[in-house]
Structure formats: structure tokens, C-alpha cells
Amino acid sequence: MISQEERSQREKSVQFALDNNRLEGLIMDNDILELSQEWVDGAISFQELKEKVYEIYGI
Numbered sequence: 001m002i003s004q005e006e007r008s009q010r011e012k013s014v015q016f017a018l019d020n021n022r023l024e025g026l027i028m029d030n031d032i033l034e035l036s037q038e039w040v041d042g043a044i045s046f047q048e049l050k051e052k053v054y055e056i057y058g059i
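With UniProt numbering, the residue at position 36 of the sequence shown is 36, and numbering never jumps.
Misleading hints may appear alongside valid ones.
[Stated by the list, open to error] Quick list of simulated restraints, FRET-style, between CB atoms: (1) Ser3 <-> Tyr57: 15 to 21 Å; (2) Glu51 <-> Ile27: 31 to 37 Å; (3) Ile2 <-> Gly25: 29 to 35 Å; (4) Gln4 <-> Ile59: 29 to 35 Å.
The hints are simulated quantities; they were obtained by calculation from the structure and are not laboratory data. Think of the CB as a built atom: it goes at the ideal place given N, C-alpha and C, for glycine as much as any other residue.
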């Protein structure tokens, strides 16, 4: 379980990434949005998020 402060920071980080991508003309896939929400909720670690994103994009 993560603290409310940590959750808030994660939400801000995800929103920043979404906004930055939109400015670049990129839209995040629903799979990535769902994974990001799992990270915000504390269900997965950042390392797990990164690995799953790389797996989705074949990196």
C-alpha cells in the first residue's frame, strides 16, 4: 500500500506524461493508461510498469 502523498505524486507524474505526449501529438494507448493507473494505485512497481510497456512496444 502506498501513502496518499505518494499516490498524488504518481498521479501528477502520469498527468505530466499524458500532457507532454499530447503536446507532441501522441496519444497513449488504453493498455498503457491501464498500466499507468495500476502504478498510481500501487498495484505494480515502476520497474514492472516499465517492463510491461517495453513488452507492449517490443523494446
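Against the structure, the hints:
no., hint, in the structure
1, Ser3 <-> Tyr57: 15 to 21 Å, "31 Å, violated"
2, Glu51 <-> Ile27: 31 to 37 Å, "22 Å, violated"
3, Ile2 <-> Gly25: 29 to 35 Å, "32 Å, holds"
4, Gln4 <-> Ile59: 29 to 35 Å, "33 Å, holds"
In terms of the numbered hints stated before, the structure departs from hints 1, 2, listed from lowest to highest.
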